[in-house]
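Make a model of the complete structure from these sequences and hints.
Number of protein chains: 2
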Amino acid sequence: MFEAAEVGRKLSKREYKAQVPRLRSELLDAQQQLRRAPFPVIVLFAGVDTAGKGETVNLLNEWMDPRWIVTRGYMDPSSDERERPRLWRYWRDLPLRGRIALFLSAWYSSPIRNRVAGRITKAEFDHLLDQVSAFEHALADDGAVILKFWMHLSKAAQKKRLKSFEKDPLQRWRVTRAQWKHWRMFGKFVSAADRAIGRTSTDHAPWYIVEGEDEEYRAIVVGTELRDAIRRGLERARANQPQPRVSTKKDQNRPISAIKRVERKFNVLENLNLSQQLSDKRFKTRLAEQQGRLNGLQRQAHQQGVSTIVVFEGWDASGKGGAIRRVTAALDARDYDVIPVAAPTDEERAHHYLWRFWRHLSRAGRMTIFDRSWYGRVLVERVEGLASEAEYMRAYGEINHFEEQLVSHGMVIVKFWMHISKNEQLRRFRDRSRTSYKKWKITKEDWRNRTRWADYTVAVNDMVARTSTRIAPWALIPGNDKNFARVKVLTTLADRLAERLRK
Amino acid sequence: MFEAAEVGRKLSKREYKAQVPRLRSELLDAQQQLRRAPFPVIVLFAGVDTAGKGETVNLLNEWMDPRWIVTRGYMDPSSDERERPRLWRYWRDLPLRGRIALFLSAWYSSPIRNRVAGRITKAEFDHLLDQVSAFEHALADDGAVILKFWMHLSKAAQKKRLKSFEKDPLQRWRVTRAQWKHWRMFGKFVSAADRAIGRTSTDHAPWYIVEGEDEEYRAIVVGTELRDAIRRGLERARANQPQPRVSTKKDQNRPISAIKRVERKFNVLENLNLSQQLSDKRFKTRLAEQQGRLNGLQRQAHQQGVSTIVVFEGWDASGKGGAIRRVTAALDARDYDVIPVAAPTDEERAHHYLWRFWRHLSRAGRMTIFDRSWYGRVLVERVEGLASEAEYMRAYGEINHFEEQLVSHGMVIVKFWMHISKNEQLRRFRDRSRTSYKKWKITKEDWRNRTRWADYTVAVNDMVARTSTRIAPWALIPGNDKNFARVKVLTTLADRLAERLRK
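Protein chains in written order, with my numbering: chain E, 1335 to 1837; chain Y, 1335 to 1837.
I should point out that these hints are in silico values taken from the structure, not numbers from a laboratory. Just so we're clear, the structure is a prediction, and the values are computed from it rather than from any experiment. Hints are supplied without guarantee of correctness; some may be wrong.
Since copy identity is lost for identical chains, a pair holds within one copy or between any two.
Stated by the list, open to error - Cut-off 20 Å, straight-line C-alpha distance, at most; resulting in silico cross-link-like pairs (SDA-like, lysine to any residue): (1) Lys-1493 x Gly-1521; (2) Lys-1778 x Gln-1367; (3) Lys-1772 x Gly-1655; (4) Lys-1816 x Phe-1763.
Laid out in structure tokens, this is it:
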């Protein structure tokens, strides 16, 4: 794959000087237009040591306006980073729409290094690459323009360069033992890179192999590809503008059923036995018992650094808040976070929809409770027409992939759907309207959502069918009786945590 | 100070049961009103081990709606936290306006622990307390309601409690060696706490000493104080509403000079020699020389974990961007961040104005370049009437305090005011309007700001006079000649960094 990048391409200083002013002003112009565009540009730099990755990134910062560029180079993860899934630190650094990110030694770096050092098998390597690919896919689907540059040098050229650096007192610092060690492993490195590039070069996140020997040549190539990619992104965005993502008012009022209704033989919600109850007396005993159990398990989880992610979804007035309070009452206040998920802030809106959840992943050993969650994408956003069919359909896969990363990092995910009947909801709405200190809990929107019960039912069924995975199954909680529901939530949570801790 | 909290106050179960329902609903009601209020509530819990800090925090989460409560307990700082000034992690966790934060073992914890263990002198202890006090002061000035609870037990009561925990199989885990060690140091601990409380109990952030022996008593006391504090905050906010913070349009157009003009004997800007120049030839040599020097210094800084904060302020078109590019061109892309400061996002607006700068402090060993900065508060916000006189006047002190924390954490701060004459600005504006690829740089706002030249001059003079401190002096850069300015910036930055590294 790299032969074409070992032929010694060069650009004369004269040609370079003739081309640069125009390229710079075109890049600047593209960057200025990008600032108002609804997508970010993500540029990755990887490749052979001394092939000019850092220099090229510096040059781009010099050519363009660095205020709208995020530049990040990654070193060994900090303790905060190690306590989260591998991709967490990259999610955190993703650029806002309208900006450019230049990433050095980012998500390809450690998989390749680990493969070269023989610390992971070929199968594990492929799995990491697929994970990265899915990540890029999700970003690209959200509109991001992604370019990946592999800066290459032949083994001989690299040797020559290292030697010449060693001779130059101003550059000597750049050559360390590690560099020569890498050089001796050139063959292994190139073969791992070959596999990585082959497996992850897609139309939405293509690799460009750039010969890095000649400074002028590589600068023009990278600059030109970047300019063209931004322009293509801008054109695509312009072409999409007549069809805004958020559907029109009219559309929003059309029920899902009219848009697309898949006949369902099996409605998981209908199969729930809502008549299950627990007397107040039994409730008291069982609650104390399960809270004590959860407390012990969470202390153990804390010591072992096992994090738990708890998701609460459910109908309005289905008792999410009450259940959450019974859970938190069992925990040490230092050990949990409750994250209420309401409308996104503007920073959150300027990112992929999963970004706001990544940012809330806590340090190891804690419990993070989401009151509503990323499932909003396939529930309210679907029903209200805020996400297009394409968007919510691909969200199932993105969500499964997100949860898989949490679980493979060692976290536990417990997802509750709090279910009540339509009549029970009515009863509770009325009760809330009547009780002074409960009134704030009930809004016009709740009544409006109620008229969409059928649409939500379709959405919930689809959600459960598509995202109840072996590693992160949904627990459907019969919620008509609050006592029963609360104890069921506690028991399920404790069971899942116990199961994880036994491993 | 603690005698009054060692008398064994109790509340009978009956009294408790009679009081709780009403208190809960009042707390819930206050919390609901708070959600729409323009200030956050910050509650600190400190005190003697086993005096019920954690239990009280849990109870408040149970009594109120935990979705609008941020609960944080602090353990030993992570590596990410250690690489920033001490208060960074607390800034990061500050609640949005309208929310309540319950902080356990927060900013008083390590000063007191370190003092008890004899790791810091009395003077150092006092200094840390003063730092914390200034922090609370800044938050309170911004509207935050702050309450601090010291949960107390007598030495005998604590012993009794530890013993009883040890006997209870369900509570035994809570008693560790550390607990007994703390108990033996009770006297020292109480004397350090006494000093801390005395020195930091202010009207805007009062301490409440709560006897922690009786569960019911302490719950009612804390709940009641919290309810009252929220109510007082709400009242104050209501009373302030007729005088909104942002002044009216008319006010904005009134020049500062008309509002308040201090006669100035000494105008620092006028004393700058703007005629200094550098020929293109000399510029080239000096630039390369200083960039090389900066590169070497920054590598050294990286190795030593020394972070540099660079602030660029200056007139529109004074060459901030060009100077920044000359700086970044000298650095490894992995070693710096450029933070453009534009209008705050809504998350940023929902915090103290310094919050957005705290969040950008980078890991150790990096250079963070702010293109405009926290000085906006005393420049554009002052001139445009977006900050009241009280707000910008106290900002000087807050800013000095902020910078002092960075410096005492080992960071270097270099602040540039890029200065050009009014005529030179006009020339540059015209040039920008004429050149196609520079047009985006010039906006109507730039022309409008220009009409405020005199007001800005007053603001800049005040800023320099009040915030040019020994530890973080302003460098005023004569900017009429770009060559001269750029080399001056690089030289100054390199000098300051070199000076720090020699230490």
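**OP:** Identify every previously stated hint that the structure contradicts and give their numbers, smallest first.
**Re:** Of the numbered hints given earlier, the structure breaks none, since each of them holds.
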